[in-house]
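Student: Sequential numbering from 24 applies to the sequence shown in our numbering.
One or more hints might be untrue.
Mimicking DSS-like on lysine-lysine, the simulated pairs with C-alpha atoms at most 27 Å apart in a straight line are [stated by the list, open to error]:
| # | residue 1 | residue 2 |
| --- | --- | --- |
| 1 | Lys106 | Lys152 |
| 2 | Lys152 | Lys86 |
| 3 | Lys86 | Lys131 |
| 4 | Lys131 | Lys106 |
| 5 | Lys106 | Lys86 |
Derived from the structure by calculation, the hints contain no laboratory data.
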Amino acid sequence: MRGREKNRESRQEPRGTILEMIRQGTHSPRSLIGASRELRKRDTDAEFALWSMLRNRQLLGLKFRRQHQIGSFIVDFCCLELKLVVELDGARHFEETFQIYDASRTEKLQAMGMTVVRFENEQVLLNMKIVRGQMLRVIRELRELRS
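From just these sequences and the hints, can you work out the full model?
Tutor: Set out below in structure tokens:
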């Protein structure tokens, strides 16, 4: 079995010391770089599927980054040109603690001028056409606002 396929078998939402530090706010900017790299190695099936659509400027020629640091956060995907953040929410994000954290994080990212769009992992895995359509709509709106 190849490395990537082997890693995909046990893919879950990443957990670990550095990620807990980030959630608790006890991390340093340097630790975020390592966390970003680790997250890119341990993507979920939904992240893998969405990245397949976004990478190499496949969506309207826009450059997207994955597991990218913005301020004190690591976002799942972003397009810096449009100040667009795309977050994928797995099962853990439906827990009250994570909902509060996600709302606070979204507020802070919006205060930095970012537009935040959220999709559930299942949406991405089961309805990629709908996700793509929603992404295209948001991109059109952002382009209109910025022109």
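Student: Would you check the hint for Lys106 and Lys152, treating anything up to 27 Å between C-alpha atoms as holding?
Tutor: holds (23 Å)
Student: Hey, Lys106 versus Lys86, does the alpha-carbon distance stay inside 27 Å?
Tutor: holds (11 Å)
Student: Holds or violated: are the alpha carbons of Lys152 and Lys86 at most 27 Å from each other?
Tutor: Distance ~20 Å between Lys152 and Lys86 Cα, so the pair holds.
Student: CA of Lys131 to CA of Lys106, is that 27 Å or under?
Tutor: Distance of about 13 Å is within 27 Å: holds.
Student: Given the hint that Lys86 pairs with Lys131, test it: the Cα-Cα distance must not exceed 27 Å.
Tutor: Holds, because 23 Å separates the two Cα atoms, which is no more than 27 Å.
Consistency note: the structure conflicts with none of the earlier hints.
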